[in-house]
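Visitor: Here the protein sequences come in this chain order: P and D.
So in my numbering, the last one in the first sequence is 306, and the numbering has no gaps at all.
So in my numbering, the last one in the second sequence is 365, and the numbering has no gaps at all.
These are calculated hints, taken from the structure and not from any lab test.
Cβ coordinates follow ideal geometry from the N, Cα and C atoms, glycine included.
Accuracy of the hints is not assured; some may be wrong.
To be verified - In silico lysine-lysine, DSBU-like type, Cα no more than 35 Å apart, as pairs: (1) D:45 / D:329; (2) D:329 / P:304; (3) D:251 / P:296.
What the hints assert, rightly or not - Non-contacting residues of chain D with respect to chain P, defined by C-beta distances greater than 10 Å in every case (computed): (4) 58; (5) 86; (6) 293; (7) 335; (8) 349.
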Amino acid sequence: MEETLTLVVATLAATLRVATPLVLCAMGGLFSEKSGIIDVGLEGKMLMAAFFAAATASLTGSAWAGVGAAILAAEVLALLHGFACITHRGNQVVSGIAINILAMGLTVVLGAAWFGRGGQTPPLAGTERLNPIFFPIAGDNILVYVALLSVPFAWWVIDRTRFGLRLRAVGEVPLAVDAAGISVSWLRYRAVLLCGLFAGLAGAYLSIAQNAGFSRDMTAGQGFIALAAIIFGRWRPVPAFGACLAFGLLDAIAIRLQGVKLPGVGEVPVQLIQAMPYLLTLFLLAGFIGRTVAPKAAGVPYEKEH
Amino acid sequence: MSASRRPLPGWVEIGLLPLANIAMAFLVVGVIVEIIGVDPFHALKLLVLGAVGSSESIGYTLYYATNFIFTGLAVAVAFHAGLFNIGGEGQAYIGGLGCGLAVLALDGILPGLLMIPLAILASAVFGAAWAAIPAWMQAWRGSHIVITTIMFNFVASALMVYLMVNVLIAPGSMTPQSRGFAASAAVPSMQAALQWIGIVVAPSALNLSLLLALLACVGVWIFLWHTPWGYGLRTMGHNPEAALYAGTNLKRMTMLAMCLSGALAGGVAVNELLGVHHRLVLDFAAGYGFTGIAVALMGRGHPLGIVLAALLFGALQQGGAELNFEIPKITREMVVVIQGLVILFSGALVHLPRPWLQALFARKG
Numbered sequence: 001m002e003e004t005l006t007l008v009v010a011t012l013a014a015t016l017r018v019a020t021p022l023v024l025c026a027m028g029g030l031f032s033e034k035s036g037i038i039d040v041g042l043e044g045k046m047l048m049a050a051f052f053a054a055a056t057a058s059l060t061g062s063a064w065a066g067v068g069a070a071i072l073a074a075e076v077l078a079l080l081h082g083f084a085c086i087t088h089r090g091n092q093v094v095s096g097i098a099i100n101i102l103a104m105g106l107t108v109v110l111g112a113a114w115f116g117r118g119g120q121t122p123p124l125a126g127t128e129r130l131n132p133i134f135f136p137i138a139g140d141n142i143l144v145y146v147a148l149l150s151v152p153f154a155w156w157v158i159d160r161t162r163f164g165l166r167l168r169a170v171g172e173v174p175l176a177v178d179a180a181g182i183s184v185s186w187l188r189y190r191a192v193l194l195c196g197l198f199a200g201l202a203g204a205y206l207s208i209a210q211n212a213g214f215s216r217d218m219t220a221g222q223g224f225i226a227l228a229a230i231i232f233g234r235w236r237p238v239p240a241f242g243a244c245l246a247f248g249l250l251d252a253i254a255i256r257l258q259g260v261k262l263p264g265v266g267e268v269p270v271q272l273i274q275a276m277p278y279l280l281t282l283f284l285l286a287g288f289i290g291r292t293v294a295p296k297a298a299g300v301p302y303e304k305e306h
Numbered sequence: 001m002s003a004s005r006r007p008l009p010g011w012v013e014i015g016l017l018p019l020a021n022i023a024m025a026f027l028v029v030g031v032i033v034e035i036i037g038v039d040p041f042h043a044l045k046l047l048v049l050g051a052v053g054s055s056e057s058i059g060y061t062l063y064y065a066t067n068f069i070f071t072g073l074a075v076a077v078a079f080h081a082g083l084f085n086i087g088g089e090g091q092a093y094i095g096g097l098g099c100g101l102a103v104l105a106l107d108g109i110l111p112g113l114l115m116i117p118l119a120i121l122a123s124a125v126f127g128a129a130w131a132a133i134p135a136w137m138q139a140w141r142g143s144h145i146v147i148t149t150i151m152f153n154f155v156a157s158a159l160m161v162y163l164m165v166n167v168l169i170a171p172g173s174m175t176p177q178s179r180g181f182a183a184s185a186a187v188p189s190m191q192a193a194l195q196w197i198g199i200v201v202a203p204s205a206l207n208l209s210l211l212l213a214l215l216a217c218v219g220v221w222i223f224l225w226h227t228p229w230g231y232g233l234r235t236m237g238h239n240p241e242a243a244l245y246a247g248t249n250l251k252r253m254t255m256l257a258m259c260l261s262g263a264l265a266g267g268v269a270v271n272e273l274l275g276v277h278h279r280l281v282l283d284f285a286a287g288y289g290f291t292g293i294a295v296a297l298m299g300r301g302h303p304l305g306i307v308l309a310a311l312l313f314g315a316l317q318q319g320g321a322e323l324n325f326e327i328p329k330i331t332r333e334m335v336v337v338i339q340g341l342v343i344l345f346s347g348a349l350v351h352l353p354r355p356w357l358q359a360l361f362a363r364k365g
């Protein structure tokens with residue numbers, strides 16, 4: 001009995017550990033998508049943030065400097081996305097893809113040039129990392145709590161504030177917002193910057209909290225899983241949080257199931273469980289699990305009429 | 001808004017604007033190289049020498065370009081239909097599965113003259129099938145093709161790892177790769193083909209798949225601009241309502257565009273598996289699908305532009321490898337950075353230099 005309990009607790013802790021970057025990323029992405037700016041570049045922002053967090057923490061010895069650098073790096077990419085999509089009305093998907101590829105290359109190029117370890121940063125220890133606060137085994141560093149708080153925060157901002165109301169409006173009918181005399185661009189820029197903030201925190205979590213340093217492509221598709229969680233949660237913070245937890249649980253189970261034979265089923269391929277978030281989202285998108293409702297103006301640049 | 005969309009002369013629109021986009025991308029690359037602490041002009045010289053300095057390096061440049069032509073065409077065909085196919089990577093990968101299955105099943109029986117066309121067909125069919133699912137989801141279920149094709153890349157990767165590790169691995173092999181293909185399934189290398197007509201070049205990975213890629217360019221050009229289907233496809237891309245009004249079946253056209261796109265992506269498998277590896281391996285398509293986006297954007301969706309862009313990216317890939325050999329500080333990922341910047345400046349920020357060009361060239365009145 002006690003053994004089962006330990007297993008359950010350990011699995012839940014692992015779930016939370018894996019879900020934290022997903023939650024941060026998904027909440028960030030929500031702000032952007034709600035305002036009508038599709039963000040395929042979450043992955044790239046997170047990767048760039050992870051690199052600069054680890055690089056800065058390693059050079060300064062301070063994890064907090066790392067967090068700051070991570071946010072800064074993600075915000076630069078967020079501004080770039082905004083500049084391309086809001087100011088220049090470029091294709092949002094193309095811009096997001098560009099940011100992903102840019103981050104994939106730049107992190108390795110800069111990492112190799114600065115640290116000479118094939119794209120990795122030096123291993124971090126002690127104050128260079130964000131360490132657990134209450135339970136050393138569970139890995140409950142500060143960003144885990146930030147992630148947990150980001151959900152009510154996103155809900156409150158989007159559902160209960162004037163800014164949130166306008167944000168939702170600009171994602172549905174930007175013309176109405178414009179007609180009310182509110183700047184569509186400035187609203188969307190703020191949404192994109194909020195997105196950068198959370199993606200930056202997610203990146204910092206990966207390289208200086210969950211792991212002890214940056215390694216190439218360490219995001220490994222988590223930005224896209226966060227995107228899937230947003231879709232799964234139908235662009236609502238709490239359901240999206242639930243989707244992140246579910247995907248995190250799948251991952252935790254996948255690690256436990258490696259090489260284990262289940263009675264009646266046999267060995268479940270690890271690859272199947274790893275592909276599960278994507279498969280579930282595809283099923284959802286195909287309309288087998290209810291309908292999805294994206295913000296109407298998502299992906300459409302707004303052209304102000306003179 | 002009307003002011004900034006004033007028409008530019010044709011040669012500026014299709015000649016100078018793309019060049020300005022690329023120039024901006026490379027300007028940023030130069031700055032990054034400078035930051036790393038290497039003289040950008042020295043790096044450029046080494047890169048060019050590495051890409052076209054010998055017949056061997058030219059061979060490798062063309063071999064990389066072959067892949068980029070296939071994926072560039074794949075992205076472009078879908079783009080003309082108004083569909084953004086990000087799944088070229090997965091489609092090429094699954095195309096390789098089809099190619100591998102066909103060869104592994106039949107290379108003992110069939111002569112090369114039958115085996116190779118069949119393997120090429122299998123690559124195309126599997127690539128098309130992998131694209132058909134998101135196409136169906138888009139056409140009948142209204143799910144966004146960008147999101148679904150991204151997801152399908154990950155699913156393809158997981159599926160291939162599973163199959164390679166558990167099913168297709170050669171007996172007794174430690175690495176996840178299939179048994180070697182029989183000689184009858186090998187696309188001849190360019191070196192061998194040229195030797196046959198009396199021209200001697202250094203051996204490289206370049207093989208006759210390049211001709212297939214060029215053939216595909218001509219085929220795509222004829223299809224898009226000289227057939228009623230191509231016309232319908234492009235109309236759908238410009239204005240779906242007009243296409244619908246003109247009697248185009250949008251659902252079927254979506255399927256056609258995506259299947260064609262997936263089949264073209266499958267060409268990467270021909271170049272890589274039949275031309276170079278001669279066995280089914282993991283991750284042979286890695287990176288080529290995304291580069292295809294850069295190639296298609298830079299080539300403005302036209303086969304001729306795509307060939308030119310593919311040559312540039314082939315040269316970057318090959319020259320980048322040589323550059324890394326000479327200056328270890330500049331890793332091969334610099335090419336990835338360049339791809340990202342090209343997609344940014346030729347895609348998302350394509351209109352950035354427009355006001356300046358307009359100030360210089362815009363027609364009066």
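Visitor: Does each hint fit the structure? Answer for all of them.
Guide: Right, here's what the structure says about each hint:
Restraint check for residue 45 (chain D) and residue 329 (chain D): satisfied, since their Cα atoms lie roughly 16 Å apart, inside the 35 Å limit. Of the supplied pair hints, the one linking residue 329 (chain D) and residue 304 (chain P) is violated, its CA atoms being roughly 47 Å apart against a limit of 35 Å. Restraint check for residue 251 (chain D) and residue 296 (chain P): satisfied, since their Cα atoms lie roughly 22 Å apart, inside the 35 Å limit. At roughly 25 Å, the least C-beta separation between residue 58 (chain D) and chain P is larger than 10 Å, which holds for a residue marked as non-interface.
The non-interface label for residue 86 (chain D) is inconsistent with chain P: the shortest C-beta to C-beta separation is roughly 7 Å, within 10 Å. Residue placement check: residue 293 (chain D) does not keep its beta carbon more than 10 Å from all beta carbons of chain P (closest about 6 Å). Against chain P, the non-interface label of residue 335 (chain D) is violated: not every CB pair exceeds 10 Å, the least being about 7 Å. With a minimum CB-CB distance of about 5 Å to chain P, residue 349 (chain D) fails to clear the 10 Å threshold, and the non-interface call is violated.
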